[in-house]
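Trainee: Positions in the sequence shown are counted from 1; adding 63 to them yields the numbering used here.
Check each hint, because a few of them may be wrong.
Claimed, not checked - Here are the in silico distance ranges between beta carbons for each label pair:
id, residue 1, residue 2, range
1, V242, V165, 42 to 50 angstroms
2, E268, A228, 31 to 39 angstroms
3, Y307, K267, 32 to 40 angstroms
4, D216, N178, 12 to 20 angstroms
5, S89, N178, 37 to 45 angstroms
Keep in mind the hints are simulated off the structure, nothing from the lab. Small disclaimer: the values here were computed from a predicted structure and weren't measured. Beta carbons are placed, not taken as given, at the ideal position from N, Cα and C, and that holds for glycine.
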Amino acid sequence: MSNVPIKEGERIDDLQRNNLKIIQNSEKFCFGIDAVLLSDFADVKRGERMLDIGTGTGIIPILLTAKTEGEHFTGLEIQHESAEMAERSVLMNDLSDKVSIVEGDINNAKELFKNNSFDVITSNPPYMIGKHGIKNPDEPKAIARHEIKCNLDDIIREGSRLLKANGRFYMIHRPFRLVEIFETFTKYGLEPKRMRMVQPFVDKEPNMVLIEALKGGKSHINVETPLIVYDEPQKYTEEIYKIYGYKE
C-alpha cells in the first residue's frame, strides 16, 4: 500500500477485498451500492480487458481486480477531480500495472481508444434524464446522477464500438427506463442476455436492474431471481453481505 496525498475533505474507505482502499469525498460524490452490485454482476475472464464508462472515483475497476482474473482494467471519467482522485486510489493500492484511469468524454472515445479493443464494458451511468430538478448543473453529484455530459445513447453507442465481437456490456440502471435500454442496446448490435432485478425488500418493487448484453448475440434473455437488498431496515440480506465481502 503506497502513500499518496489525501486532500481536505477526503477520506480513505476500506473495500473489504484484498486490503483494497479507495479515496472519497462525501461533499462531491461517493460510490453507492449500485457500483458494488455491478462489480459483482460483471464477469471479466482471465486475460480479458475491460473499460468502465463513467468510472467516478474508480470503484468498479479497482473492485474487479480483486473479484475477477481480468488482465487489465480501464476507467474513463469526464470530471477532472474524480479522475484525479481515482488515479490516486490506483496508486495507493499499487495497481498501476493493472488499472488505468483516463480522463475524457465518452463522446470523444474514438480519439482515446481503438475500435473493438475491449472484451468487457461496464457502466453505472446517470439514471435521470436531462436536468430536471437540478439547482446547479455543474455540481459533481448532479453530473453523476443526471444526463448532463452524456446520455444513454452516447454510452451504449460508443460502448458497442469499443467492444470486440462477442464482447459483453454490463450495466446497472433504473427499471423505469428498461424499454429504452433494450431498444438502445439492440439499435447498436448488443443483445440483452441476462437481467436481474434488485429489490430493496422482498415485498417492494424493484428500484434497480442489472443487465448483461452481448455484441452480436442472438435474441434470448435469462431473467434471474431478484436480488433482495434488506432483510429488514438497515440489515442487509446474506447475499448482500457476501457481495460486499463481509459477514454480518
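Trainee: Against this structure, judge whether each hint is valid.
Mentor: Status of each hint after checking the structure:
{"no.": "1", "hint": "V242 to V165: 42 to 50 angstroms", "result": "violated, 31 angstroms"}
{"no.": "2", "hint": "E268 to A228: 31 to 39 angstroms", "result": "holds, 37 angstroms"}
{"no.": "3", "hint": "Y307 to K267: 32 to 40 angstroms", "result": "violated, 20 angstroms"}
{"no.": "4", "hint": "D216 to N178: 12 to 20 angstroms", "result": "holds, 18 angstroms"}
{"no.": "5", "hint": "S89 to N178: 37 to 45 angstroms", "result": "holds, 38 angstroms"}
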